[in-house]
Structure formats: C-alpha cells, structure tokens
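Residue-level listing of the chains:
Number of protein chains: 2
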Amino acid sequence: MKDFSLYVITGEQFYPHRHYLEVIEEAIQGGADMVQLREKKKTKRELLDMARQLKALCDRYKVPFIVNDHVDIALAVDADGVHLGQDDLPLEEARKILGPDKIIGISTHNLEEAKRAEEGGADYIGVGPVFPTNTKEDVVDPVGLEYVRQVVEHIRIPFVAIGGIKLHNVDQVLKAGAKRICIVSAIVGAENVKEAACAFARKLETVR
Amino acid sequence: MKDFSLYVITGEQFYPHRHYLEVIEEAIQGGADMVQLREKKKTKRELLDMARQLKALCDRYKVPFIVNDHVDIALAVDADGVHLGQDDLPLEEARKILGPDKIIGISTHNLEEAKRAEEGGADYIGVGPVFPTNTKEDVVDPVGLEYVRQVVEHIRIPFVAIGGIKLHNVDQVLKAGAKRICIVSAIVGAENVKEAACAFARKLETVR
Ligand code: NI
Numbered sequence: 001m002k003d004f005s006l007y008v009i010t011g012e013q014f015y016p017h018r019h020y021l022e023v024i025e026e027a028i029q030g031g032a033d034m035v036q037l038r039e040k041k042k043t044k045r046e047l048l049d050m051a052r053q054l055k056a057l058c059d060r061y062k063v064p065f066i067v068n069d070h071v072d073i074a075l076a077v078d079a080d081g082v083h084l085g086q087d088d089l090p091l092e093e094a095r096k097i098l099g100p101d102k103i104i105g106i107s108t109h110n111l112e113e114a115k116r117a118e119e120g121g122a123d124y125i126g127v128g129p130v131f132p133t134n135t136k137e138d139v140v141d142p143v144g145l146e147y148v149r150q151v152v153e154h155i156r157i158p159f160v161a162i163g164g165i166k167l168h169n170v171d172q173v174l175k176a177g178a179k180r181i182c183i184v185s186a187i188v189g190a191e192n193v194k195e196a197a198c199a200f201a202r203k204l205e206t207v208r
Numbered sequence: 001m002k003d004f005s006l007y008v009i010t011g012e013q014f015y016p017h018r019h020y021l022e023v024i025e026e027a028i029q030g031g032a033d034m035v036q037l038r039e040k041k042k043t044k045r046e047l048l049d050m051a052r053q054l055k056a057l058c059d060r061y062k063v064p065f066i067v068n069d070h071v072d073i074a075l076a077v078d079a080d081g082v083h084l085g086q087d088d089l090p091l092e093e094a095r096k097i098l099g100p101d102k103i104i105g106i107s108t109h110n111l112e113e114a115k116r117a118e119e120g121g122a123d124y125i126g127v128g129p130v131f132p133t134n135t136k137e138d139v140v141d142p143v144g145l146e147y148v149r150q151v152v153e154h155i156r157i158p159f160v161a162i163g164g165i166k167l168h169n170v171d172q173v174l175k176a177g178a179k180r181i182c183i184v185s186a187i188v189g190a191e192n193v194k195e196a197a198c199a200f201a202r203k204l205e206t207v208r
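Protein chains in written order, with full-length UniProt numbering: chain A, 1 to 208; chain B, 1 to 208.
Isolated chain A, as found in the complex:
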C-alpha cells in the first residue's frame, strides 16, 4: 500500500449545495492523499455512480480510492480498497473476495479490535473516534487520545486517527503519536476546502 497521511471522507450533508467531485478534487489539491466514499443514505445504484466518478478523479491524481462498507461496489469500480466497520463484512471474507492486493482498512475502537485487525491482515486501521463527532449516525463514544497512544505502542500496521479532529485539536492527536489523520467535516465542510486540507497537510508535515 502506498503510504498516506491525510485521508478525507465524503459526507454530502456537509456540502449540500456543492457537487462531491468538486469538493473532493479541492481536498486533493490541498493535500488529501487518500479518499473514501462513505454515504449511508444512498441506494447502491447511486453509490455505484459516485464510486465510478470518484475512482476516475482519484486515478487522475494518483490518490488511492476506498469504498466504505460495500465490497461489491469496490469490485464493480475496481476501487483500491474498502474500509470496513466492526458490523460490516469481516476482514477475512472481504480479503477472500478482493484478493491480496486491495487495501482493506478496519475501524477499531479498542486495542483488542486493533490486534485482531492486525493479525487478520488489515492494511491499516482506523483509530477512534478520538473526539465526539456527529458524522456517523451510529455514534460510538469517543475513545480519546489514550487509545491513540496504546496503538502507537502496540500496533505495527499503519493507523489513522479519526473522529472530530479539527484544526484546533489536531496538535494533540499528532502529539499522541498519530502520523495519519482522517478528516470529514473540517475539510469537506470548510468554506475553502483546499485551504482547509492544506492547513492539515502542513500540520502533518511537522510529524513526518
């Protein structure tokens, strides 16, 4: 897997008057180097169309494109990988379907889940929610920076901190040891998406 540091996720509720392709392109131009399609209220057919368009965009910028949850849609558009929650298809099933070369990321909320993902062959894990967040409908209690520190100490595969990370609290996350962060509303919901992405990218440069 090509390494990444600034991972952005779609969220149509954050840019109701803009087209997702424009928003994500600006995020990439600002420095986002991995993109995930995550929309919980779309039909499969709508998701397929979005996935196809985003895959073409990401290919142009040579940025990996990841599909949340839907392994079938990832297959259909030849996405670079999938991101799976603890209630989604298990890692081993997704790996069987996608083969060894696709990226599989797993959301984790504690060290036990992180270790299981690592042992199961995940390419990266999500670590969070670090802070309270209103992005997901099924809100999980924040796990805090302590879980980030545990992962730094005990997990060897790449991890990305996620959940409520904003410009005003990102320093704490980086100080806890994160080298990759996942941002939703603070980038795609920003007034100037490119500048917002750029501001996070500059923060990340300080820890590379």
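Since the hints were derived computationally from the structure, they do not count as laboratory data.
Be a bit skeptical, because a hint or two may be false.
Pairs involving identical chains hold if they fit within one copy or between any two copies, as the list cannot separate such chains.
To be verified - Lysine to any residue pairs mimicking SDA-like chemistry, simulated, CA-CA at most 20 Å apart: (1) K166 - L21; (2) K41 - Q86; (3) K42 - P90; (4) K166 - E195.
Source: prediction; values computed, not measured.
Chain A is fixed; fit chain B with the ligand onto it per the hints.
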C-alpha cells in the same frame, strides 16, 4: 438454472418468536423450492451469518439459495445467486462480479424494466407487486394482474409473480398466466408454515 415454482423469502418481522432456520426449513418441507434472504434492518455481519446458515440448509434440500441486494454476501457464502431491485447494483455489474453461472433475478414493475432485464441476461424476473403489500418498507404501488398478462405475452425468461399473494387470491395470479409465485408473509408468517407452503404448492401443481 434449475426451475422453481414456489419461492419463499425471509422476513423476520413475520415470525418474531421463531428462528428463521426452522421457519424456512418447514417452508421447504412444504414445497418451497427456492429461498431468498431479504432483511433490510440487519448489519452486514448479521446477514452474513444468516446467509451462511441458510445456504447450508438449502444445500441439504438441494434448493437454490438467493441473496437479496448484497452481491458481496452472495460471494462470501457462495450463494446460488442474487436478487436485485431497480435501485440495487445493476445487472451487468452483478454479472461481471458473479460470473455467468450464478442466478441473477431482477425486480420489475413494468414491461420496459422486464425487457431490459431479459436483454441484459437476467435468469428470471420478479413481476409485481401484484397486490398491495406491507412486506417492503419502500412500498411500490401494485401493478396488478394486467402486468402479469403482459409479461406472459412478451417475456420469454422465467418470471415469478410477487406481492400480496395469498391463498385466497392466488388463483387469479395463476389464471393470469404465472407458473411461479413468490410468497412471504402467507407462508413464513403462517401458523403452520409447512401446511401453508403445501397449500400453495398444490395450487401450483394445477398449472404445471
Ligand atoms: Ni435494495
């Protein structure tokens, strides 16, 4: 595709105090010869578990097992096929993922959709809802028996009439030309599931 005539679909809301495996097994014993897993409120992981169990059950009875909507779950459990609505993954994408040997069924509500499915290589189509139904959340207006007659006249691939079919109205459906019917609540929600299936199977024998 092995032919079928009595297609049953799961629907946990119809047997809240019973286990789905027991209910579906009784339906098969009564004469159901195709089974579909359709649950709209389960996580992928719950669906995967159900799919695995139902596949094993159906294999024992040599009855094809079909997964609604989720092509990835169908792959994971090596189901015999998928059933796709008009908002699900399109036929051509599902075919690419599943290959030529898996069954793909498509829900249709008018002749245009039916023809598109036939031309696209569907193995069978669903034709309905024939009568009003409360099985699906996203309720489609009933298309009536007239659409069944149109399909009999214009479509050559197998079709299965679906939607609100009960013992008291099934004769009309068969008279309109259907030789395969899909039943949910009138079988899986019956007090005696096996007898209910058997009653429909006997009706179908009169048109074979
Ligand atoms: Ni659907």
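Hint-by-hint comparison with the structure:
1. In this assembly of identical chains, the alpha carbons of K166 and L21 never lie at most 20 Å apart, being 22 Å within a copy and 48 Å across copies at closest.
2. Proximity of K41 and Q86 under a CA criterion of 20 Å is satisfied in both settings, with 19 Å inside one chain copy and 16 Å between copies.
3. Taking CA atoms no more than 20 Å apart as the test, K42 paired with P90 passes between copies only; the shortest distance there is 15 Å, against 22 Å inside one copy.
4. With identical chains, the CA atoms of K166 and E195 are at most 20 Å apart within one copy only, with a shortest distance of 13 Å there and 61 Å across copies.
Hint 1 alone, counting from the list given before, is not met by this structure.
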